[in-house]
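Novice: Chain by chain, the residues:
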Amino acid sequence: AQRVTQPEKLLSVFKGAPVELKCNYSYSGSPELFWYVQYSRQRLQLLLRHISRESIKGFTADLNKGETSFHLKKPFAQEEDSAMYYCALIWEKLTFGTGTRLTIIP
Amino acid sequence: KAGVTQTPRYLIKTRGQQVTLSCSPISGHRSVSWYQQTPGQGLQFLFEYFSETQRNKGNFPGRFSGRQFSNSRSEMNVSTLELGDSALYLCASSGDTPYEQYFGPGTRLTVT
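So the sequence lines, in the order shown, correspond to chains A and B. Residues in the first sequence are numbered from 1 upward in steps of one, following our numbering. Residues in the second sequence are numbered from 1 upward in steps of one, following our numbering.
For the record, the hints were derived by calculation from the structure and aren't laboratory data. It is possible that part of the hints are untrue.
If you want the footprint, here are the derived chain A segments under chain B, 3+ residues with CB under 8 Å [unchecked claim]:
(1) 21-28
(2) 90-101
Beta-carbon label-pair distances, calculated as ranges [to be verified]:
(3) B:70 / A:18: 44 to 54 Å
(4) A:68 / B:9: 34 to 44 Å
(5) B:70 / A:43: 18 to 28 Å
(6) A:91 / B:9: 30 to 40 Å
Think about it this way: if two alpha-carbon atoms lie no more than 30 Å apart in a straight line, the pair counts; the simulated DSS-like pairs of lysine-lysine are [as the list claims (entries may be wrong)]:
(7) A:73 / A:57
(8) B:13 / B:57
(9) A:93 / A:15
(10) A:9 / A:22
(11) B:13 / A:65
(12) A:93 / A:9
(13) A:93 / A:65
(14) A:9 / B:57
(15) B:13 / A:57
(16) A:73 / A:93
(17) A:57 / A:15
(18) B:57 / A:22
A virtual CB, placed ideally from N, CA and C, is assigned to each residue, including glycine.
Sequences and hints are given; from them, build the entire structure.
Specialist: Put into structure tokens, the structure is as follows:
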């Protein structure tokens with residue numbers, strides 16, 4: 001069965017510092033992975049998907065099949081990045097990790 | 001387009017009662033998924049409906065059930081409520097791209 005692991009429940013980073021949110025997965029096939037984000041008082045929404053290989057709000061994520069990881073990165077954190085981030089994998093259904101709450105310290 | 005709507009937004013029930021939650025997807029979306037969100041477990045998939053048929057199911061007991069109507073609106077029912085059912089229940093709809101789910105605001109269920 002597929003599983004998504006986000007080892008950090010909480011992560012605090014200073015404004016301007018690099019951000020890395022970790023995500024590891026277990027899946028026997030070729031995974032499709034995504035990052036969803038939930039800002040304060042807003043709905044959960046899709047941030048990016050690995051297939052598109054695009055940068056959204058300065059965030060990127062590279063799929064590393066050897067390490068079965070899909071870490072989310074941003075070189076310079078901004079205060080508006082404070083949110084709850086969920087890594088997700090899809091195969092028949094969308095499976096979410098338990099989430100990481102990112103707090104950017106001004 | 002109007003977003004996903006869920007009713008009611010808040011609900012307080014007593015152990016042993018049953019509850020029905022409603023979700024209206026984005027117009028044109030035929031898939032509706034339900035999730036339970038708790039601080040300890042995060043987002044857990046309950047089930048997905050597509051064109052009135054349950055397409056996928058998570059690992060929840062039979063007390064949790066759902067259905068979808070011909071207009072794609074969906075309802076979720078929980079019978080014999082337990083304290084542990086207290087959670088935020090999220091509904092999400094998707095169109096042609098199943099991974100891009102549009103979430104509703106959720107229904108906060110408190111069981112006392």
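Novice: Give a verdict on every hint.
Specialist: Status of each hint after checking the structure:
1. 21-28: violated (count 0)
2. 90-101: The restraint on the region 90-101 of chain A holds, since 9 of its residues have a Cβ under 8 Å from chain B and three suffice.
3. B:70 / A:18: 44 to 54 Å: For residue 18 of chain A against residue 70 of chain B, whose Cβ atoms are near 50 Å apart, the range 44 to 54 Å holds.
4. A:68 / B:9: 34 to 44 Å: At roughly 38 Å between Cβ atoms, residue 9 of chain B and residue 68 of chain A fall inside 34 to 44 Å, so the hint holds.
5. B:70 / A:43: 18 to 28 Å: Holds: the Cβ-Cβ distance is about 26 Å, inside 18 to 28 Å.
6. A:91 / B:9: 30 to 40 Å: At 32 Å between Cβs, range holds.
7. A:73 / A:57: Between residue 73 of chain A and residue 57 of chain A the Cα gap is close to 11 Å, so the pair holds against 30 Å.
8. B:13 / B:57: At roughly 25 Å apart (the allowed maximum being 30 Å), residue 57 of chain B and residue 13 of chain B satisfy the hint.
9. A:93 / A:15: It is violated: about 35 Å lies between the C-alpha atoms, which goes past 30 Å.
10. A:9 / A:22: holds (10 Å)
11. B:13 / A:65: The given pair, whose Cα atoms are some 45 Å apart, is violated under the 30 Å limit.
12. A:93 / A:9: Satisfied, since the Cα-Cα distance of roughly 23 Å is no more than 30 Å.
13. A:93 / A:65: Distance of about 20 Å is within 30 Å: holds.
14. A:9 / B:57: holds (26 Å)
15. B:13 / A:57: This hinted pair is violated, its Cα atoms lying about 41 Å apart.
16. A:73 / A:93: holds (25 Å)
17. A:57 / A:15: holds (15 Å)
18. B:57 / A:22: holds (27 Å)
Hint compliance for this structure: hints 1, 9, 11 and 15 are not met, and every other hint is.
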